[in-house]
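K.L.:
Sequence:
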Amino acid sequence: VEVWPDEGQSLGLSIVGGRHVIKRLKNGEELKGIFIKQVLPNSPAAQTSCLKTGDKILEVSGVDLQAASHEEAVNAIKSAQSPVVFMVQSLSATPRVQ
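If you count by my numbering, then the sequence shown holds residues 1 to 98, one letter each, in order.
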């Protein structure tokens with residue numbers, strides 16, 4: 001997903017997570033990684049209609065975030081040049097129309 005912020009403009013999303021386990025699922029599986037916590041309305045991230053709360057961020061502009069700390073993920077996102085390219089995994093059971 002490509003996000004095109006203007007120079008100096010925020011992407012309009014917040015993240016949560018990192019290397020630590022966020023949640024242990026009922027089946028015993030551990031949920032960890034970097035996840036989208038919020039997408040601000042009318043922001044560059046919201047304008048894509050593809051980035052949603054709960055999506056797991058796998059990569060940002062070629063930087064693998066699957067084993068990243070929260071701080072490493074924030075730095076990767078903030079230092080990425082426009083367009084910022086997100087590779088995400090949707091954990092939602094609801095299909096999306098693109």
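The hints are simulated quantities; they were obtained by calculation from the structure and are not laboratory data.
Glycine included, C-beta positions come from ideal geometry on N, C-alpha and C.
Incorrect hints may have been included.
Said to hold, decoys possible - Subject to a maximum C-alpha distance of 20 angstroms in a straight line, what follows is the list of computed EDC-like cross-link-like pairs (lysine to aspartate or glutamate):
(1) Lys37 <-> Glu72
(2) Lys37 <-> Glu7
(3) Lys78 <-> Glu2
(4) Lys78 <-> Glu30
(5) Lys37 <-> Glu71
(6) Lys78 <-> Asp64
(7) Lys26 <-> Glu2
(8) Lys32 <-> Asp64
(9) Lys52 <-> Glu2
(10) Lys32 <-> Glu59
(11) Lys56 <-> Glu7
To be verified - Beta-carbon label-pair distances, calculated as ranges:
(12) Glu59 <-> Gly8: 20 to 26 angstroms
(13) Asn27 <-> Pro83: 33 to 39 angstroms
(14) Gly8 <-> Gly28: 20 to 26 angstroms
(15) Leu40 <-> Val63: 36 to 42 angstroms
(16) Val85 <-> Asn42: 33 to 39 angstroms
K.L.:
It remains to establish, for every hint, whether it holds in the given structure.
P.N.:
To see whether the hints hold, each was checked on the structure:
1. Lys37 <-> Glu72: Holds, at about 16 angstroms.
2. Lys37 <-> Glu7: Answer violated: Lys37 to Glu7 is near 23 angstroms, above 20 angstroms.
3. Lys78 <-> Glu2: holds (15 angstroms)
4. Lys78 <-> Glu30: Roughly 27 angstroms between the alpha carbons, so the hint for Lys78 and Glu30 is violated.
5. Lys37 <-> Glu71: holds (15 angstroms)
6. Lys78 <-> Asp64: holds (14 angstroms)
7. Lys26 <-> Glu2: Violated - the C-alpha atoms of Glu2 and Lys26 are around 34 angstroms apart, more than 20 angstroms.
8. Lys32 <-> Asp64: Holds: Lys32 and Asp64 sit about 14 angstroms apart, inside 20 angstroms.
9. Lys52 <-> Glu2: holds (14 angstroms)
10. Lys32 <-> Glu59: holds (14 angstroms)
11. Lys56 <-> Glu7: Given that 20 angstroms is the threshold and the Cα spacing comes to 26 angstroms, the pair is violated.
12. Glu59 <-> Gly8: 20 to 26 angstroms: holds (24 angstroms)
13. Asn27 <-> Pro83: 33 to 39 angstroms: holds (37 angstroms)
14. Gly8 <-> Gly28: 20 to 26 angstroms: violated (45 angstroms)
15. Leu40 <-> Val63: 36 to 42 angstroms: violated (22 angstroms)
16. Val85 <-> Asn42: 33 to 39 angstroms: Distance hint for Val85, Asn42 is violated at roughly 21 angstroms.
Of the numbered hints stated above, those contradicted by the structure are hints 2, 4, 7, 11, 14, 15 and 16, listed in ascending order.
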